Each structure stands twice: as structure tokens, then as C-alpha cells.
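These protein sequences, in sequence, are chains A, B and C.
Quick note, my numbering runs 415 ahead of the 1-based positions in the first sequence.
Quick note, my numbering runs 3 ahead of the 1-based positions in the second sequence.
Quick note, my numbering runs 771 ahead of the 1-based positions in the third sequence.
Since the hints were made in silico from the structure, they are not lab data.
No experiment lies behind these values; they were computed from the predicted model shown.
You may find that some hints are simply not true.
[What the hints assert, rightly or not] When the alpha-carbon atoms are kept at most 35 Å apart in a straight line, the in silico DSBU-like pairs for lysine-lysine are as follows:
(1) C:826 with A:731
(2) B:74 with B:133
(3) A:436 with C:1021
(4) C:944 with A:438
(5) B:133 with C:1021
(6) A:731 with C:776
(7) B:92 with C:776
(8) A:639 with A:512
(9) A:735 with C:901
(10) B:97 with B:329
(11) B:251 with B:133
(12) A:699 with A:428
(13) B:133 with C:776
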Amino acid sequence: MRLPSFIGERYQKWRTRNESKIKEYGLMLYAFRRSAVSVAGLIMVVVFVIIGVLGPLLLDGIKAFVAFLYHQAVVSSMPSFNAFQYSYDVLQPPSWKHWFGTDEYGRDLFARVLLGTQISLSYSVVVLAAGIPIGVVLGLIAGYYGGAVDELISRVTDMFLAFPALVLAMALAASLGAGLQSAMIAMIVVWWPGYVRLIRGQTLSIKENQFVEAARAVGMRDIKIILKHVLPHVFTPLIIFATLDMAGVILLGAGLSFIGLGAQPPTPELGRLVYDGLQYLPEKWWYSLIPGFILFLIALGFNLLGDGLRDVFDPKYRRKLEFKEKSGKSGKEGGE
Amino acid sequence: MVNDDIILKIEDLYVNFYTYAGVVKAIDGVNLEVRRGECLGLVGETGCGKSVTMRSVLRLIPPPGEIVRGKIWFNGVNLLELPESEMRKIRGNKIAYIVQEPSAALDPLYRVGYQVAEPMVYHGLVGSFKDAWRRVVELFKQVMMPEPEERARAYPHELSGGMKQRVVIATALSGETELLIADEPTTAVDVTIQAQIMDLLNKLREERNLTLILVTHNLGLVAEMCDRVAVMYAGNIVELAPTEELFKNPLHPYVKGLLAAVPRITAGKDVVLKPIPGFVPNLIYPPPGCRFHPRCDKAMPICRREKPVMKEVAPGHWVACHLYDKVGGGDE
Amino acid sequence: MGDFKYYIARRLLTFVPTLLGVIVITFIISHLVPALPAKGAFARHMNPQTLALIKKMYHLDQPWYIQLWLYICDLFTGNWGTSIVTSRPILKELSIYFPVTFQLAILGEFFILVAGIPLGIAAAMRNNTKLDQAIRVLSVIGYSVPYFLLAIAFQMIFYYWLGWLPGFGLGRKPRVVYTGMYLFDSILCGDWGAFVDNFLHFLLPSISLATPGAAVIARLMRGSLLDTLSADFIDYCRMKGLPERVIMVKHALKNAIIPIITVAGLQFGGLLGGAIITETIFAIAGLGRYLVVSTYAMDYPVIMAGTFLIGLVYLIVNFVVDLLYAYVDPRVRLT
């Protein structure tokens, strides 16, 4: 299909106007694709996001698919995907029937791990979605205005950062009463101060730039300067940090549920599964180790992705790549 | 090659920088002789390769850069063929370097006296740091540091820019210094301090009979201090002459342009400064032939094809320009 | 060193408000507790007289600032409350459990530095080689591992499977106990058998606890050293003709290690928090395990006291770390 010529023309104009931008994005993409580790991270994150979004639906889907195979006589028996029902298959090792084995009540661990993964991911999203805006707003205010406001915000932030994250979250969650909601509130309270620090630091250094001074000199309002000239510049570190923090929050949440402060039984949660399995070590290793390993994979995925993004967003790294590209073609000629 | 008069001789030096954007041919066949006891000015705009040339003498080109070929004779020894251990004994001892940014050059964690003492100790000039300390105080007196004992115990952040430059100069004098390379020694300090620093360098040079290479883009400074001047453009030395001769009778079109672009108090108000048209070339893809030809108003067809070589057109006055090909009747 | 004394004084001035902040936070949290006997659903089923009595006992009938004041007084006079489960004074129980956790954290910090710094240096020196990349990937893996996974894996491999190291509990009690930290006590009284036994018992817990921290330090050390190596003063050291080894050790490493000091201090908090999990898995009778048991038993006074103690210790450790920082870096003393 041919595009009408005026659209083509517009497109060409747009292309030439944004040539350097397009080249830069291309380079970003190249920088990302080049690193096998980052791509692995992205794939892992995508898989886990699918699990997180679909959750029980995915479990139903898998069930339906295996049932289809069973009816086609590809497989000879149906696995059990019973996350909640007790059965006599107590503490069974992984098998076709129970992919990840079973727990002390004969519940299927594959199903429980899958549901637990969804819970872990969803509360990380909630915690970050609540914590980041608080941190960004306070950080921008503290960094931009400075003075007494900054002092006040920084002192309060320091108070919260004076505790190890897990300890403060534990005390809070325990006080609010064990449950998923308390755990989330506790983690939000623990997590926002880090963002205040990050954004405040970024804002302070951006404020030094001439363009901020120029905006102020022409009489632009503070709120507009913050929104138009400061906020866009803190975006990159924010995205990188948020990605890495997905891993951090998931591990923190797992720690809380390990102590018994997350979702309460019978709802499965990964950290809690690890704790419950402890007493059956070492013979029933799968009970603790598989959920623990899944947690590790989630954290690893987000950390690898965050790490890759850090490189991609680093202009120096891109320049280096660009050079490698060029010199790859022309070699170290010249000079001789 | 052994000539007592010539302390340093750079022969056919090529330096490349392998950067992300491409191979920068920063130094492109530099030849230079420095006489014992003289003060030579090395002049040129930022990025013309004057600092790189001088750093090559110490064999300290920062990483993406490499000396491709050439010879650097110091007291009759080719420095580029010395093993690293021998080279180390020359750095900071026989050849001392005064840096542009004394503030960045001092380690923030050590007292400045210690940092002055370090090269003496590791060059084996003194027995211990304790002995070195006495020498440090002496050196601080020589560089006219106020309250030398106290200042030696100070940390870099406790000193002003001018004082830090004195620390660096004291370090440069701590060895058995023969050749002193001062790389824009006054850019980082106030104008009043600049004069003091230059006076100090002059005084020390006479006292200790040092050879001084002054790298700068400040023509006034050169006129005041130097016996001879070499002018660099885009990785080449284009003209070399005794100071007075160069200022009176510049030959290379670039040098002419350079001098015409300097304001003079003696000239009337209505004299218009004449900038050199065009820009410094990109040294990744340098212009063929003479690197100045795209900006030269006297460019000839040959300038595009052939690189001009240095020729002595008058006694002691050398120039690399095709305009003077016939004058000296040089070798090729 | 006069300015160093000034620095200590100034740093103490910021220590006090932060300590107050820690107290206020624990106070707020402990007054949130809906599960306290006199609050929430529980209270509705109580006899009003009993309720009033309990309220009086916990000073809940007073305004909040009086309560805060009483809370602070209690903290400083050593009246940290009574455990609901064991009915013993909490401070006494903490004095038994805390040294164990502190010893674990110190050993963890030791392993963090001993593993992290050399790895970081190696990666920086072999920048952009296979080794550098390997260390980088290992580091990401290292800080993605949940504490419990590594602890369980170590326990399975080195205790159950290979049988090389003990997998549970504390080591033998030394002849004399001064501090409750058996490793130090056994050194103090020269009981080397107990020292070795305790060291072996703490090896798996402390290494598993230290791994994520070591991974972070390795990364930071790499970056910091690369930055320092490209600094002007290193270049100038070469111009002065100093031997490469002297430049590396005296100038590059000393400067590169400065940011590491602060981070190592902050990681001590991670170790104290992680001890909660590690001690549970290795059945070490320390503060962490005590807190987990108390949490499962909803023993709130213990949870709050333990939280406060950890906050306090973390604060003191960072205070000491800041002094160390100022000692190494003369610039800090002035700001």
C-alpha cells in the first residue's frame, strides 16, 4: 500500500528534523540488543510480567492446554494444579503429576508458586506506584527550594533511613496486624525516603545548569520550571532505579512474608513457602528451594534489565559503541 | 647525535588518538630542537597538539592516545626506546612538568609537603621522608611560599590556587632537574598571581640554569619570557624563530594571522582586529597537504597535494610553507 | 588534628536529633498497634474497669506528649518492658541475644570487604576483559539472591551433603563469657578450641549473609577505582616518576576506597536486617530469630524494643563510620 504523498513528505520532513534523535534511539536499541545479559533480563521480566498480569488465568490456561494434550493422547495422565485443596499426596517430590512437588497438606506447589509469584509482583508494583510519587514530589521540592524546607524534608527522610529496611518494615507490618495490606503499607513507608534522596540529589545538580537559571531570569514560575526543566531530567535515573527497585521490593516483601507478615494462609506467598518448607529440609528440598529460586529469578530479571538500561541511557557508553561500529569497518587505519 | 648544546630533540613524531569518533591524528610529524639553557615558547590554539607533544617527551600520553613513531632524544638518549623503569627515573627528576591545573594535580588525601617529598624519596635523592621534609621546606622558601613550614603541613584544599601552583613548581625543582616543561602554568590562577608565578619561573631558571619549555596560547607571555618561539597548528610546527624575529617578521600565513588577531595597546583605537577565517580542522579527517590550506588566503594548488617541510629561510628562522619553497633552496 | 575534634563535635550534634527521630518512629509505631490489649477489637470484649486499669498502666489516658516523654524516660532508665510470652524483662533477653547478632553482622561485614574489594579491584584493573565481565555478571547474580535461598543452599551443600561445616546453632561456649560474643570471648580468655568451633559455626551464616553486600561493594569498588585512575592527580604522580605500585596503593586505592567506607557502613543495616532470616534458617539464638519468634507470637513489646535497639546500633555504627571517613579524608572535616 502506498501512502498518500503528503504523508510521505511530512514523514520525510519529520525524519530529517529528528535525524539525530532517531539515530540516538537506534543506537540505544543497538546498545541494548548487543548485551546478551540485558536481553536475558528483558525476557525474564516479560515472562514474569505475563505471570503477574494473568495469574490464576494463566494457571487455567496451562490446565486447559495440558487437558488438550491429554485428550489428544499425547500425555497419559493429568497433573494436579490444586493450589488450595488438601490431598493425600503429602510432601511429594516433583513429578509429572506435581511439577514442583507438594506441601505437607498435599497441595500442588507449582500452582501455589505461580499464584505466589503474582502476589509478589503485584505488591511490588503497588509499593513503587505509591512510593515513587511521594519521593519524587518531596525530592523535587527539597532540591529545588533548598533552605528550611530542604532541611525539614531531609531530616524526616533521615529518620526513616536510620533503620534497616527489613527491620522497620517488620515492626510496622507487625504493628498493623499481619496481612497483605499491612505489609504493603509498611513497605511503602520504608521505600519512599530512598526516592527523596535520589531525586533531591538529581535536582540539586540540574539546578546548577544555565537553562534553569535562564528560565528563572525570564520570569518563569517555579512550578513550571520544575515540571518543564527539572522533572524531564530526573526521568532517566528514575526509570533505572525503579527497575532495580522492583527487585529490591520483591526481596523485601519475600523477607516479610518469610517472617509471617505477608498474605496469611491459605494464600500462598513465596517467602512464606520457603519458611514453611524449612522444617522438611533436607529430604523435601523442593518445598523451600523452588520458591526461593523463583524469587531469585524474578530479582535477577529486574536487576539485569535495570543494569542494561543504565548502559543504554549512558551517552558515553553509546559514543563508545558508535566508535566500535565505525572502527570495526575501517580498522585502525591512518597514522601509518 | 651527541651534541651538548641540544638538550632535547624531537624527530618526526607522530601521535594518534584512537577515540570513539575515529582516529585523531593529533601530532603529525613534529621536529623540534631545544637548546640547553634556553627558554622556548610553544604556542598554538587549544587542541593544536602542544601539550600532547610535551607529554610525549615524558611518554605519558593518556590511554586512547599512542605514539605511533618518531624519536625523542634527551641528552643523546632516545627516550622512546628506554625501558619503562629507566623512563621513570627521568620523569620528575631530570625532566619536570608543571601542570595546568594544580588543584586537580594534588592528591586531596595527603599533606602537600609529603607530595613534594615523594619524588625525592622514590628517586633515591634523600634517605627518608624525614630528610625530605627539610628539603621541602627549603624548596618552599625558594618558591617564596609564605610560612613554608606550616604550608608544608597543609592539605591541598587548605591552599589557594596560587599556592598550589607554587607547590607544583617546588615539586618540579625537587629533583636534579635539567628540563622544565611548564604547560600553561598560569591559566588556573588570577592575573596578579600570574605575574608572580612567571617572575618566579624566570628567577629559578637563571639560578639553576634550567632549560624551560613554556607551553601557552598567550603570546604576550611568550614575548616577555622566551628566547625562541615555535608555533604549532593542527599537529604540526609551522614556524620556529627567535622571539623578536618572529614577532617582527612572521612568515607563515597562520602566524601572520595569529599576530594580527592580537590586540595591541600601541595601535590606535580604529585598528580592526582581523580574525583568521574558518575553523580548526577536524583531525580525524585532516585536510590533505598543508593542514592550514583551507583557511589560507595564499593557498596554491601544491598546498592541497603536498605537505610542506620545515625550511630555514633566514638564520635560525624556520618555516613550513610552500610560499617559501624557493627562498631557502632547501634540500627537497 | 584540631579540626578532627571539631568534626566529632559537629557530627555528635546531628547524632542527637537522628536518635530522637528513631525514638519518635518507634514510639509512633508502638502506638499504632491495634493489637495492644487496650485497643482495637480486643478491647470491645473487655470489662470497662479492666480496660481503664490497663489504659492507666500503659499511660494511654495521658496526652501523647506525656506518653512520649514517659517512653523516652523508660528507654533511658532501662525499663524496656516485659515480654508477653516469657514474662521476663526485655532488656535482659536482648542482652543475651543481641551480642550473637552483632557478632554475625561484624563477621558478615568482614566477608563483604574481604571479598568485595579485591574483586572490584581485579575488575577495574582488567577493565573490559572477560574477567571484568564475569565479575560484573556475578555481581548482579550476587545481589539478586534472596538471603534465604543462599542460606538454604549452603546448608544443604556444606552441611547435609558434604558434611564439612556445622549447619545449626552456636558453637561451644568459651570458658569465660564477657560480652556474649563467643568469638571475642574465646580470644579474650584464650580458649582456642571454642574459637575455632564458633568460627566454623558462623562461617556458613555469615558468608550467605555477606554475599549480596559483597556483590554491591565489588561493583562500587570497580567504578570508584576506574574513576580515580582517570583522575588528574594520578597522572601527575606518573609525571613525578613515582613507581606504579606506589601510585596504585598509596594514591589510587586510598582515594577509591573512600566512597566504599560509607556504603560499607550502610550495609551494616542490611546485615542486621538479614540476620532475621539467616538466624532463623541456621537456628542461631540471636536477636533476629528472637524477633521472628516474637512476631509469630505477636509479642509486640519485644518487636518494638528489638527494632529500637537495631536502629540505635545502626546509628552508632554509621556515626563511627563517619568519623573513620573524616579521619581518612581531610576535606570532610571542614564541611
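Hint-by-hint comparison with the structure:
| no. | hint | in the structure |
| --- | --- | --- |
| 1 | C:826 with A:731 | violated (63 Å) |
| 2 | B:74 with B:133 | violated (39 Å) |
| 3 | A:436 with C:1021 | violated (45 Å) |
| 4 | C:944 with A:438 | violated (67 Å) |
| 5 | B:133 with C:1021 | holds (18 Å) |
| 6 | A:731 with C:776 | violated (42 Å) |
| 7 | B:92 with C:776 | violated (41 Å) |
| 8 | A:639 with A:512 | violated (61 Å) |
| 9 | A:735 with C:901 | holds (18 Å) |
| 10 | B:97 with B:329 | violated (41 Å) |
| 11 | B:251 with B:133 | violated (52 Å) |
| 12 | A:699 with A:428 | violated (66 Å) |
| 13 | B:133 with C:776 | holds (27 Å) |
Taken one by one, the earlier hints fail for this structure at numbers 1, 2, 3, 4, 6, 7, 8, 10, 11, 12, listed in ascending order.
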